[in-house]
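Visitor: One letter stands for each residue in the lines below.
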Amino acid sequence: MSTVQNFEIYVPKLLDRREFFSAGHRACQGCGEVLALRLILKALGDDIVVSNATGCMEIISSAYPQTAWEVPYIHVAFENAGAVASGVEAGLKALRRKGRIPDRYVKSVAIAGDGGTVDIGLQALSGAMERGHDMIFFCLDNEAYMNTGIQRSSATPFMAATTTSPAGKAIKGQRTGKKNVAEIMVAHNVPYVATACPSYPIDLVNKVKKAKAVKGPAYIHVFSMCPTGWRSASEETIKLGRLAVETGVFPLYEVENGKYRMTMEIPKKLRPVGDYLKLQGRFRHLNDEDIERVQALVNKEWRKLMNKVATSKPW
Amino acid sequence: MGKRVGMEVAIAASEAVALCNIDVAAVYPITPQSHMAEHLADIIHDGRIDAEFITVESEHSSISACAGASATGARVYTATSSQGLMLMHEILPIVSAMRLPIVMGNANRAVSGPLNIWNDHTDIMPQRDSGWICMFAENGQEVVDMTIQSFKIAEHPDVMLPVVLNIDGFQLTHMIEPIEFPTQREVNKFLPPRKPFASLHPDHPISMGCFNMPDIFMETMKAKDTALRNSKKTIINIWKEWGRQFGRIYRPVETYKTKGADTLILTVGSMGETASIAVDEMRKKGVAVGLVKLRLWRPFPLDELHDAIKGCKTLIVMDRAVSFGGAGGPVATEIKSLIYHDKGRPRIVNFIMGLGGRDVTVNDFIAMVERAKKKKDETYEYYGVRE
Amino acid sequence: MKKKKAASKAWPEKWHEVNPGCMVFIPGNASTYHTGSWRAQRPEWDNKKCIKCGLCYVFCPEGCITEDAEGFFKANLDYCKGCGICAHECWPGAIKMLEEVE
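Residue numbers (our numbering), protein chains in the order written: chain B, -5 to 309; chain D, 9 to 395; chain W, 29 to 130.
Take every hint as true, because none was put in to throw you off.
Covered stretches of chain B, as calculated for chain W (at least 3 residues, CB under 8 Å):
| id | stretch |
| --- | --- |
| 1 | 25 to 31 |
| 2 | 61 to 71 |
| 3 | 224 to 233 |
The hints are simulated quantities; they were obtained by calculation from the structure and are not laboratory data. Cβ atoms here follow ideal geometry from the backbone N, Cα and C, with glycine treated the same way.
Based on the sequences and whatever the hints tell you, model everything.
Guide: Rendered as structure tokens:
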């Protein structure tokens, strides 16, 4: 990526110009998650069936009698995107084999928020990946249960303020760090696991295409900037995504058959995490000591990742 | 007609499913359903039918996977019991609202707590508001016949609703019974491949499971209720068609020796067979008692019940479930409220019996008829509890 | 059971008009709802500064920015929510956000 000069200029030429998610959806102004979704769908094309968990993307897109989805879409409940997508995959497989639907490859795609992936949806995700269904699971991670009013999830970062992990006098925000679901996926022997961010659209699109090419399970964890929940300026959404990557808060990497590879320039020194935190109201209560604690956690997770990049080999 | 074979009913249920040429089964094992799951796995792993068998990690995922598969237009089956059915509870009303024709076998078992793996109806009764078509089988032959019928009913364009067939756990699932299996050819004639009303495929992209704001939700609910109520017509027609093709008649309400009976016992499920022997014995002694058996529970067959209990003075309703702190057994409560306004309605006596696998014998039925004579009010009471 | 055309039903629908399962048969019909009424500011392009990189098109969460025949860009004001991402990301500063005064 870094060898091509001014690569971003070529970006729009490489993207499918079709829109698979219509405007008129009710996402917040500056929503990074719906942007991620828009780009993911461009990368996937129309030969897919989407199984969506209850969450922001479901609510903003499918209020009867309207739908923003231009691809086949099903929503059942909050915690079962993995299971519904498994059923879709099995149904399409059986029907195609028996000649009851056209003989064309259609990919089953599960899309869930961080709630429907790392918390209530974890069991269904684990089962689906263990069974090896030919499907992609996208976690669109805005780091809290945003749709229901910004309640914490186990993807909420350390010390972030949410309504169920508020910055109070006794306890200042989220007490634990972010659950690393990508690692859990690697432990499930998922052949392709990646992290992505819509601030890096070509990287995102490339990863989606790689996931689509896997004849088996694939998992992509997508950082989804949320101005509403993070209390940030709507126009700074893309900037926040870049800062998250540059500070090491959300590193961009992929794991192919167990081999870890960074898909971003590995900086000599990570940008200080304060640059990222200070643009968000959910971290407003952090003093300098708190920021150091956050930095320590970021550094530790970064070192863990660097170790894996250095030592991992393909299975 | 096929020849009669002796087979464990749970195994026979899976053989019936195999005859229906399903596309996907997502099943999680639970006692006493496990033989159904295991035998279906055998059938599919041996390649006897061409279907995907999803070994899901919980019942919540099994019904969810069935929803996904059914939405693609596949013919889908699952089976469960008790705790598994309770775990599915969240998804059941969603599947019926989405008009997905899933067929489910439920091996009736008591619901915890405390843990009890034996037979009663406390697992299916909490699901009565879920919008599913709900039926009970009495013996092995009915299990096979009704399993096949369930697919045709569920997928019928005037129905498009999921169906749950209740099979008493252990009492029926683990019994070896003589069963006449239809041939594959006969089943193919009765049950053609599924033609879905709508399905998920890029050739015709649609959105399923869209949510409702308050301005439309009540209309959606009335539409769902009406669809379930209207399905009774089609269910009866399909049973008539079965009768014409196979010679075995199925009705929403079955009656046994009700002519001239001023006292009727009403049962649901396999206990009907035991009750019928009790009726024979009492009739021999000159007691004017008969038996009404509820085969269809949802949609509730009120007209057929009226016909069955015409002229009856005392209706003894057997419930293998109870609503704690409420009006008693679900079946009796439902019937009481439905016939509340009827002139000359029978006195209802409601026994809570047979919970958690407690055996109910011919003599128990006779004793309950005796007790009903003495009972003055219409409150519910437990039968067979040590005081 | 027939699939009813949305055009023949007035909103709000009567109970027997609701599509079975609340399925929606017209993909993307959310576009009949014009989210443009949400915005407090709107983007304006200075084509003299525009280098036609298309990043505004890429980063618009609404997907409402389109390229014209000459390769310049503009937002569909029926949908633009005025988030300001396009103006913020524009390298040469060719996009300015203007206050909506009505």
